[in-house]
Every structure is written in structure tokens, then in C-alpha cells.
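Protein chains in written order, with my numbering: chain A, 600 to 975; chain B, 3 to 128.
Check before you lean on any hint, since a few could be wrong.
[Claimed, not checked] Computed footprint of chain A on chain B; a stretch qualifies when at least three of its residues, placed anywhere within it, have a C-beta under 8 Å from a C-beta of chain A:
1. 40-53
2. 63-72
[Claimed, not checked] Selected chain A positions facing chain B (Cβ under 8 Å, derived; list incomplete):
3. 628
4. 631
5. 633
6. 827
7. 888
8. 890
9. 892
10. 894
11. 896
12. 897
13. 915
14. 916
15. 948
16. 950
Just so you know, these hints were derived from the structure itself, not from any lab. Since this is a predicted model, take the numbers as computed values, not measurements. Ideal Cβ placement from N, Cα and C applies to all residues, glycine included.
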Amino acid sequence: MVNRSPLYETQKKFGAKFIEFAGFEMPIQYSSIIDEHMAVRKAVGLFDVSHMSNVWISGKDAVKLLGLITVADATKVPPNMSQYSEILKEDGTIIDDTIFMNLGDKFMMVPNAGMNQIVTNWLKEQIKKHKLSAKIEDVSKDFAILAVQGPRSKETLQKLTKVDLNNIKFFGCQYGEITGVKCIISHTGYTGELGFELQINPTKNAEKVFNAILEAGEEFGIKPIGLGARDTLRLEKYLMLAGNEFHGGRTPLEATLGWTVNWDHDFIGKQALLKQKERGDFDRLTCLVCIEKGIPRHGFEIQNDGKNVGVVTSGTLSPCLNIGIAIGYVHHDLRAEGNILDIIVRDKPVKAKIVKPPFVPKDWAQKNLENVYNSQ
Amino acid sequence: MADEVRNDLKYTETHEWLKIKDNKATIGITDHAQAELTDIVFVELPTVGKVVNKGEELCVVESVKSVSEVYSPVGGKIVNVNKKLEDSPESINKSPYDDGWLVELEIKDRSEVDKLLDAAAYKKSI
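Okay, chain A solo, but in the shape it has when bound (with noise of 0.2 Å):
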């Protein structure tokens, strides 16, 4: 059965084209995937990421779970902040990543949209086998999920809140309300702009916020948002998409996360991490700009020579630079910046060259559209 968002019949109002992404009907678009994404990278924009799971964990050896079924320690995340992390099987690969939230009295984590059940019996599991008093709640249907991300997104929500945004730090979380509704305020999000989710509880209050937040950045040229901007905006900053970058077992060395990873504490997956950072021989997560003409797509090979070198996991037409772009494994010698190697589109190769992620830097917008907020 596929799912959808309590806010399914507003977003039809509002125009969306809908696809099936992890089991949910969401919009893909609602206007053009290109405007959205320059509506958020030169003001503001508002996701629906409802599909994306919610569980609560609590109980007095929560953090002791945190801390050994994710990378991240968690006595370092204080109350009111976030972190965001990745769980592992023993052998190092990732189950899904995610951002666990310290709300002071309990912790809320955010997986992947379909994730919910795999993430909840693992955390169960792991609480049974290493005798653990910590409580998981799945609370992914009761919870509506809003970001508002972009220049302007501070202002617009600013609007509806009593909370001081500005206080708020990169990462931090706190109850709070918009527009009268509670709801969990995070300053995070998957675009590479200023921004903040919303986690809403009862989900019917959703659509109010919703309204109030589209009323709110009108005035900014405020746009409902669908997954596929939100696609192209992620993958312009080199943010990874768990389906598309940890499909078929990837490890954080790989998918080069290994800056997210606290060796100092004892996780799940640390022993083969530490065999694999020894050897040092494994095909590892790259940034490719196309040089020619031609769109990368995901399951598309990397060659070198004519020999298979990698393959491409995330691949689109950068609306900011208006050329493909890709990342890929590849292979860890040929990984130098500046290197070209073909990508194989439809049995032809078009040459891409390696670069320093992100595509798109933080300054990228300011100096090369017109018309961008500057917020800083």
C-alpha cells in the first residue's frame, strides 16, 4: 500500500505532480524543478518531508544506544542540539543514515523515509543483546515534517514564532511553536542553505502551518518545493541520499564520512572501520563535473580507458551550473582532483573531471545570480 503525507490534498491544491518515493506519493514537482531550486537557493522555499520517519528514544541508557548504534558519541551532543549520523551493521556498512535530535527529556530520531521498521528492530535488537534500558517508540505516522529552507527562510518563520531564531544555533533543536502550533524547531536541512525543519504533532495541525508559512514568505517569493529540487539541491552540496549513495553496502570511509565518525567511543561496525581505514584499497564516494554534453544518472559506469572504474550512485543536471554533474565510487587511485574519466551515457562516454565537493560553494549564489538575499 502506498502511503502519503497528511498534507497529500493540500500539496494537490497547490499544483503537485506526484511520484512514489520509499513507498510515500509525494509531489516531484510544482512547478519546475528548475525554478524551485533557484526560488531556494535565492530566497526561500517549503518542503513537505512527512515521509521521512520519526521514533523517540528514551529511557536512562538512551544515550549509551545512541552512542553505540551510531558513529557519533552521543555524550557530546548536548540538550537542544542535533547530530547527524550514521547507524552500521558489524561489518561496517550503513543500515541509514540519520539526525538524532536531544530534546533534553528524550531524544528524537529522523530516519529515512521507509526506514522506520529496519532502524526500530535494530535499536530493539541491540537494546536486548547488550541489556539496555532505553525505550523506541515509532512515531513516523504521527508526525508532519516541514522544512523551510533558504536566504530567507529565517525571516519568513520569524514571522510565527516567539522563539528567537537567531538563538537557535547550526544543529540545534527545541520544542517550540509556529503559528500557535507545537511543534519540534530545528535549525537543519538538505539543501546547503540557511534553513529549519518543523516536526509536527498531531499531523492535522500540519496544513495550518503549512498556509502560515507559505503566507508568511510571499513576499519573498516563497515557493512550495517538491523531491525533485530537493534532489538537485542536496546533490549540488554533496549531501547523500541513502538509497541512492549507501545502496548495496557502503561503509562511512567509502562515502567519505569518515569526518562523522568518533573513533574515541565503541560503536557497532568500528573493528571493520578500522581493518578498512588500514588497508586503505576501497573505492570511495567522488565529485564529477561533466566536460561535455550529457546527463549523468544513477547506475551509470565510470571508465578510465575504456576500463571500469566506478560507477556513478546520484546524477543530474545542476541547475546552478547548468552542466551534469555526478558522484560516483571510484576507484581510489584515480580519484586525484582535476583527473577526467568518462561517464558512459547510453554506450557514450562524456568526459568528467574531478573536483572538490561541493559543486556548489556556500558563497556560490551571492556571486553568481542575481537577485539573492543575503542573509549573513
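Dock chain B against the given chain A, drawing on the hints supplied.
For chain B alone, kept in the frame of chain A given last:
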């Protein structure tokens, strides 16, 4: 949504249009198709001189998120391609029946043209 259907053209159920003049057909995708795809950002055109059969892949049209094959509504030899689309694929969105044409083809078998939809029949199908 814009769904212009021109009376002087022939159509297919897969949203290609054809302008028939003597034994030549200019082929493109319909206004309905471009509106469904939105944001066309890349077109892969065939080489001039290539012979295609009815139903074979003629070219590839890509939007930001999707790759769509355009199938040849009739068989024949490709005599011209719209090179301008390589630099301005958005012409297909802006002007699907004029600037956004894809290829010109020398029709091999006129009887295939008779099987195409007329404007009224296509309008009904969308």
C-alpha cells in the same frame, strides 16, 4: 496546463506530432508532452542519414529528473536534425510545434501516415 493541439498536424498516442509535406515529415513532441516533462535540459539527436523503422528510438529528451525516448512514428531516413536544440533544449518547452522540432525524416511508406491520429482524435486521447 497548456495543451495546444494544432489542426494541421498528425499525432501519435505517445505524444509525438508530425507535419507532413510531400514525402517528408517534421517530427516533434506535443505541447501536452512538454508540459508533462517540464524543464527539458538535454536532447540527444540522431545522426543525419540514419534509417529508422516505425517505433524505433528517434532521440532522447531529458528533463532534470527524467529520461524519455522519442519513438519514430513512421519509418524512414533522417534528413535533418534541429541542431539548435543542443544549445537551447528549452525551445521544446517554449515552442514545441515551431522552434522545438526535433528531426526531419524522409517517409519510406506513406501508408504508415494514414494510421496516425488527427488533431481531434489526439485531443480526445489526452
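Do the hints match the structure? See the list:
1. 40-53: holds (count 5)
2. 63-72: holds (count 5)
3. 628: Since chain B brings a Cβ to about 7 Å from residue 628(A), closer than 8 Å, the hint holds.
4. 631: 5 Å, holds
5. 633: 5 Å, holds
6. 827: With a minimum Cβ separation of about 5 Å from chain B (threshold 8 Å), the hint on residue 827(A) holds.
7. 888: 15 Å, violated
8. 890: Violated - the Cβ of residue 890(A) stays beyond 8 Å from chain B, reaching only about 15 Å at its closest.
9. 892: Status holds, d = 7 Å.
10. 894: 5 Å, holds
11. 896: Cβ of residue 896(A) sits 7 Å from chain B, so the hint holds.
12. 897: Result: violated, 11 Å to nearest chain B Cβ.
13. 915: Cβ of residue 915(A) sits 6 Å from chain B, so the hint holds.
14. 916: 5 Å, holds
15. 948: For residue 948(A), the interface hint is violated, since the closest Cβ of chain B sits about 14 Å away, which is over 8 Å.
16. 950: Violated, about 15 Å.
Hints 7, 8, 12, 15 and 16 from the earlier list are contradicted by this structure; the remaining hints agree with it.
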